[in-house]
Amino acid sequence: MSVPFVEIPDREYVLPGTRTCAGCGLTLAYRYILKALGPKVIITLPACCLTILHGIYPKTPVAVNALNTTFASTAASASGLVAGLKATGQNDYVVVGMAGDGGTFDMGIQALSGAAERQTDFIYICYDNEAYMNTGVQRSSATPEGAITTTTPVEPKQQPKKDFLAIMEAHKLPYMATCCSAYPRDIYEKLSKAKNIRGTRFIHLYVPCPPGWGFPTNKTVEIGRIAVETGVVVLFEIEDGKLRLTGRSLTMARSGRKRPVDEYLKLQGRFKKMTPEQIASFQKDVDERWEQYLRRAEI
Amino acid sequence: MKGYFLRARGEKVEQYQIITGNQAAALGAKLCRVQVVAAYPITPQSKIPEVLAEYVERGELKAEFVRVESEHSALTVCISASIVGARAFTATAANGLAYMHEQLHWAAGARVPIVMPVTNRGLGAPWTILNDMQDSLSQRDTGWIQFYCINNQEVLDHVIMGYRVAETVHLPVMVCYDGFRLSHTVMPVNVPSQELVDQYLPPKKPPYSLDPENPININPVVMGELIPGVDGKLWPDYMSIRRRMQKAHEGALEIILQAGKYFGELFGRTYDTPFTKYKTEDASAVFLTMGSLTSEAMEAVDALRKEGIRIGVIGLRVFRPFPAKELAEVLSGLEKVIVVEKAISYGYETPLATETKAAIYSFGTSPYSLIWSWVVGLGGKDVKPRDLVGICNAVFHNAPRERPLWWHEEEYTYERAVC
Chain A
3 MSVPFVEIPD
13 REYVLPGTRT
23 CAGCGLTLAY
33 RYILKALGPK
43 VIITLPACCL
53 TILHGIYPKT
63 PVAVNALNTT
73 FASTAASASG
83 LVAGLKATGQ
93 NDYVVVGMAG
103 DGGTFDMGIQ
113 ALSGAAERQT
123 DFIYICYDNE
133 AYMNTGVQRS
143 SATPEGAITT
153 TTPVEPKQQP
163 KKDFLAIMEA
173 HKLPYMATCC
183 SAYPRDIYEK
193 LSKAKNIRGT
203 RFIHLYVPCP
213 PGWGFPTNKT
223 VEIGRIAVET
233 GVVVLFEIED
243 GKLRLTGRSL
253 TMARSGRKRP
263 VDEYLKLQGR
273 FKKMTPEQIA
283 SFQKDVDERW
293 EQYLRRAEI
Chain B
450 MKGYFLRARG
460 EKVEQYQIIT
470 GNQAAALGAK
480 LCRVQVVAAY
490 PITPQSKIPE
500 VLAEYVERGE
510 LKAEFVRVES
520 EHSALTVCIS
530 ASIVGARAFT
540 ATAANGLAYM
550 HEQLHWAAGA
560 RVPIVMPVTN
570 RGLGAPWTIL
580 NDMQDSLSQR
590 DTGWIQFYCI
600 NNQEVLDHVI
610 MGYRVAETVH
620 LPVMVCYDGF
630 RLSHTVMPVN
640 VPSQELVDQY
650 LPPKKPPYSL
660 DPENPININP
670 VVMGELIPGV
680 DGKLWPDYMS
690 IRRRMQKAHE
700 GALEIILQAG
710 KYFGELFGRT
720 YDTPFTKYKT
730 EDASAVFLTM
740 GSLTSEAMEA
750 VDALRKEGIR
760 IGVIGLRVFR
770 PFPAKELAEV
780 LSGLEKVIVV
790 EKAISYGYET
800 PLATETKAAI
810 YSFGTSPYSL
820 IWSWVVGLGG
830 KDVKPRDLVG
840 ICNAVFHNAP
850 RERPLWWHEE
860 EYTYERAVC
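If you're matching them up, the sequences are chains A and B in order. If you want this note's numbering, it's the 1-based position in the first sequence plus 2. If you want this note's numbering, it's the 1-based position in the second sequence plus 449.
For reference, chain A alone in the conformation it holds in the complex (with noise of 0.2 Å):
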């Protein structure tokens, strides 16, 4: 970003006590999303692990307001809530929906698509953990092929992950953006910009999540970082067609340096029956969107 130094603000909004996992990257990213919203804010979730991040009534450790809703009706309800608010002279209010790959890739994509297509007033953030993770790692159309999820045990998953950013960009969207929970600051600084801008915005938010891909509670910010830096995870933001690479990313770019991606998965447990053919085929998907990236960057 071309500003040196953000300040983020010290008042927290996700209040110590969530119930999520140890090491959970959602929870970080969590804070610094909801700093840059500010209190003005509603977040409408589904079943996810945000739910579970929510807590249990009567309590909740966010200190938001926030709305429950189910699985594939995320992007509807932001649609009711921008409505509502919007008859009832609520003028202030960010509407933001937020759900998990499943509720996105998968089942909650109709919605998505819908309220996008309308251009609904709102912020989308998908937050992608790679698999089902609230019910126990389940393989999702956002897992990576050669992962091992329980419903893919014996045969990793089979398939290329589902290039969701292409369909999204294909809603010809204001704007839509890329970060992962390792890099707070470009987390903060894409949501505040996202927060002044209408129409349906498109969050995809990359998450480690150490339980469903089998890494130390401790490891989940390093995880984080090497996918970006060998370009598994590209930070970047679309802003009316216009690609620019961020962050990590961008001085990636500049430097020309780039981690093999070995690095990443030999890391990961969900990796490990990956033969060295997939493997380099992993690479050389990689490589070729990092490329198509450079050059829409025009770098």
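Note that these hints are calculated values from the structure, not bench results. Values in this document were obtained by computation on a predicted structure and should not be read as measured data. Hints should not be assumed to be uniformly reliable.
[Said to hold, decoys possible] Where chain B lies over chain A, by a calculated footprint (3+ residues, C-beta under 8 Å):
{"hint": "1", "region": "87-98"}
{"hint": "2", "region": "104-116"}
{"hint": "3", "region": "161-172"}
{"hint": "4", "region": "187-193"}
[Claimed, not checked] Incomplete in silico selection of chain A near chain B, CB under 7 Å:
{"hint": "5", "residue": "S75"}
{"hint": "6", "residue": "L83"}
{"hint": "7", "residue": "L269"}
[As the list claims (entries may be wrong)] Quick list of in silico lysine-lysine cross-link-like pairs, DSS-like style, CA-CA up to 27 Å:
{"hint": "8", "chain 1": "A", "residue 1": "K88", "chain 2": "B", "residue 2": "K511"}
{"hint": "9", "chain 1": "B", "residue 1": "K682", "chain 2": "B", "residue 2": "K726"}
{"hint": "10", "chain 1": "A", "residue 1": "K42", "chain 2": "B", "residue 2": "K728"}
{"hint": "11", "chain 1": "B", "residue 1": "K755", "chain 2": "B", "residue 2": "K696"}
{"hint": "12", "chain 1": "B", "residue 1": "K774", "chain 2": "B", "residue 2": "K830"}
{"hint": "13", "chain 1": "A", "residue 1": "K42", "chain 2": "B", "residue 2": "K654"}
{"hint": "14", "chain 1": "A", "residue 1": "K61", "chain 2": "B", "residue 2": "K682"}
{"hint": "15", "chain 1": "A", "residue 1": "K61", "chain 2": "B", "residue 2": "K696"}
{"hint": "16", "chain 1": "A", "residue 1": "K42", "chain 2": "B", "residue 2": "K511"}
{"hint": "17", "chain 1": "A", "residue 1": "K163", "chain 2": "A", "residue 2": "K286"}
{"hint": "18", "chain 1": "B", "residue 1": "K654", "chain 2": "A", "residue 2": "K61"}
{"hint": "19", "chain 1": "A", "residue 1": "K88", "chain 2": "B", "residue 2": "K654"}
{"hint": "20", "chain 1": "B", "residue 1": "K653", "chain 2": "A", "residue 2": "K88"}
{"hint": "21", "chain 1": "A", "residue 1": "K88", "chain 2": "B", "residue 2": "K496"}
{"hint": "22", "chain 1": "B", "residue 1": "K806", "chain 2": "B", "residue 2": "K728"}
Cβ coordinates follow ideal geometry from the N, Cα and C atoms, glycine included.
Given chain A's structure and the hints, the job is docking chain B onto it.
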């Protein structure tokens, strides 16, 4: 939809319009000043969102119209809009209603006062767009209040009454009426003035307001046992929350009848009973019906009475909460109750017959009436008054059966005793 004026009754000038059931439903929503409309078109309901879209685009109704991509989303939009304080409206039918099923439970559980017309239509497979009541009756246990309308006047009136009831008891309301038979048939409807409707239905008061300094989490995860809060006080568990819903339903009938009585005071059409009675005073038998079938039954009763059969009609208007006590009372002492219904609970009988038997068992006085369960008119098969005459004759000449009887099959196999 141009209105014309009929004679003045006292000081009040009544406006009649010749409109379809769907136009009546949309007009009802407009008179209720709904603030958010979200609907997905499905035959035979499609005209409702079309008319409302026109009202909104012409500036006749100040509302947010969300053109959703599915029925699941339509109801979701209404739930969320309602939770932040708006009066929300949607409408559906058949497979659209079934597609909403998850959200029907969610709306009732979230206690949002949504009103939703359902233009009753048969459920696929096989495909049909024509009328029966399988769709809404199979949503019986979702926690919604269910009204069934005889004619287009009742459609308009029940949308208006629906909001008053829903916003009092905090439960969503379905206004069910027969697809095509009412949804697409024009008839004269007395349209109340906006001023009177405003008097009947004040602006919606949400039970809580959003406050960023005192934020809340709505519909979170609950546990199976009472839960201590930060203050050590015990808070309801899932079962206590469900029990509150049941209590709200148990108290709702009184609210419904009060709303119907007050409606009568303002608009001249009183709905102070949960059913319509026709020629029941001296009757030894009745047809028990719902929806537009009640009109056909009334004609059949006129014909049967000419033959000397003392029969009447009970047209049930309120199906949930079920007016078991009231119904059992009115059926007490009758020899025969002929339940004629456009639905079947597979593996047993028509749902209304089961409910009626239960009501009589719980609240009836001896001797119990004999109850027949007749299935008619599934998937739009026409039910004429003469079919009901045939059913009555079959009942009077045969013993009740364990199994439900299917008229349109039976009319060929039964001894043609009379007809």
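Here's how the hints hold up against the structure:
no. : hint            : verdict
1   : 87-98           : holds (count 6)
2   : 104-116         : holds (count 4)
3   : 161-172         : violated (count 0)
4   : 187-193         : violated (count 0)
5   : S75             : holds (4 Å)
6   : L83             : holds (5 Å)
7   : L269            : violated (32 Å)
8   : A:K88 - B:K511  : holds (11 Å)
9   : B:K682 - B:K726 : violated (50 Å)
10  : A:K42 - B:K728  : violated (61 Å)
11  : B:K755 - B:K696 : violated (45 Å)
12  : B:K774 - B:K830 : violated (32 Å)
13  : A:K42 - B:K654  : holds (21 Å)
14  : A:K61 - B:K682  : holds (12 Å)
15  : A:K61 - B:K696  : holds (25 Å)
16  : A:K42 - B:K511  : holds (25 Å)
17  : A:K163 - A:K286 : holds (14 Å)
18  : B:K654 - A:K61  : holds (25 Å)
19  : A:K88 - B:K654  : holds (16 Å)
20  : B:K653 - A:K88  : holds (15 Å)
21  : A:K88 - B:K496  : holds (25 Å)
22  : B:K806 - B:K728 : holds (22 Å)
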